[in-house]
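Use the sequences and the hints to build the structure in full.
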Amino acid sequence: MHLSTLILSILPTTALSAICYPETGGTNCASLISIKEFYSLQYCTYRWNVLYGDWDHFVNNASSATTVHASVGKTGVFDSFEDCLNGFEDVVETCHGVSQGGVMTNGNVSLNVHFCDW
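Residues -17 to -1, 1 to 101 (mature numbering (1 follows the signal peptide of the UniProt record, and there is no 0)) make up the sequence shown, in order.
It is possible that part of the hints are untrue.
Unchecked claim - Here are the computed distance ranges between Cβ atoms for each label pair:
#: 1; residue 1: G8; residue 2: N32; range: 29 to 37 angstroms
#: 2; residue 1: D62; residue 2: N11; range: 26 to 34 angstroms
#: 3; residue 1: V42; residue 2: E72; range: 18 to 26 angstroms
#: 4; residue 1: H40; residue 2: G8; range: 15 to 23 angstroms
#: 5; residue 1: S63; residue 2: G8; range: 18 to 26 angstroms
#: 6; residue 1: V33; residue 2: G8; range: 25 to 33 angstroms
#: 7; residue 1: N91; residue 2: G8; range: 28 to 36 angstroms
No wet-lab data here; the hints were simulated from the structure.
Ideal Cβ positions, reconstructed from N, Cα and C, are used throughout, including at glycine.
Given below as structure tokens:
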């Protein structure tokens, strides 16, 4: 075993790591700005420290109160509100515009952000 492999295997993982969904297209997709500036704040304000494994769906009441534009699901809890926002940022910056969404897993939490209507 190489020393670098041994050292890497004992270091804690602190970096976020988003993985994008394989689907590249979708309908009624949320804009980059709406996810980063609104949905992430709304979600993290109420869910960052809640053990909640179901999906939250976001709509744009100005266009249609029934059309889903983004969905977010999480298992586990973040250490802080800021960690939740960082998780969103990681998924959005990595996957928006190239995929329908992505997942970020770090420590005890897994965050799924879907940018489009199912």
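*Against the structure shown, which of the earlier numbered hints fail to hold, in ascending order?*
5
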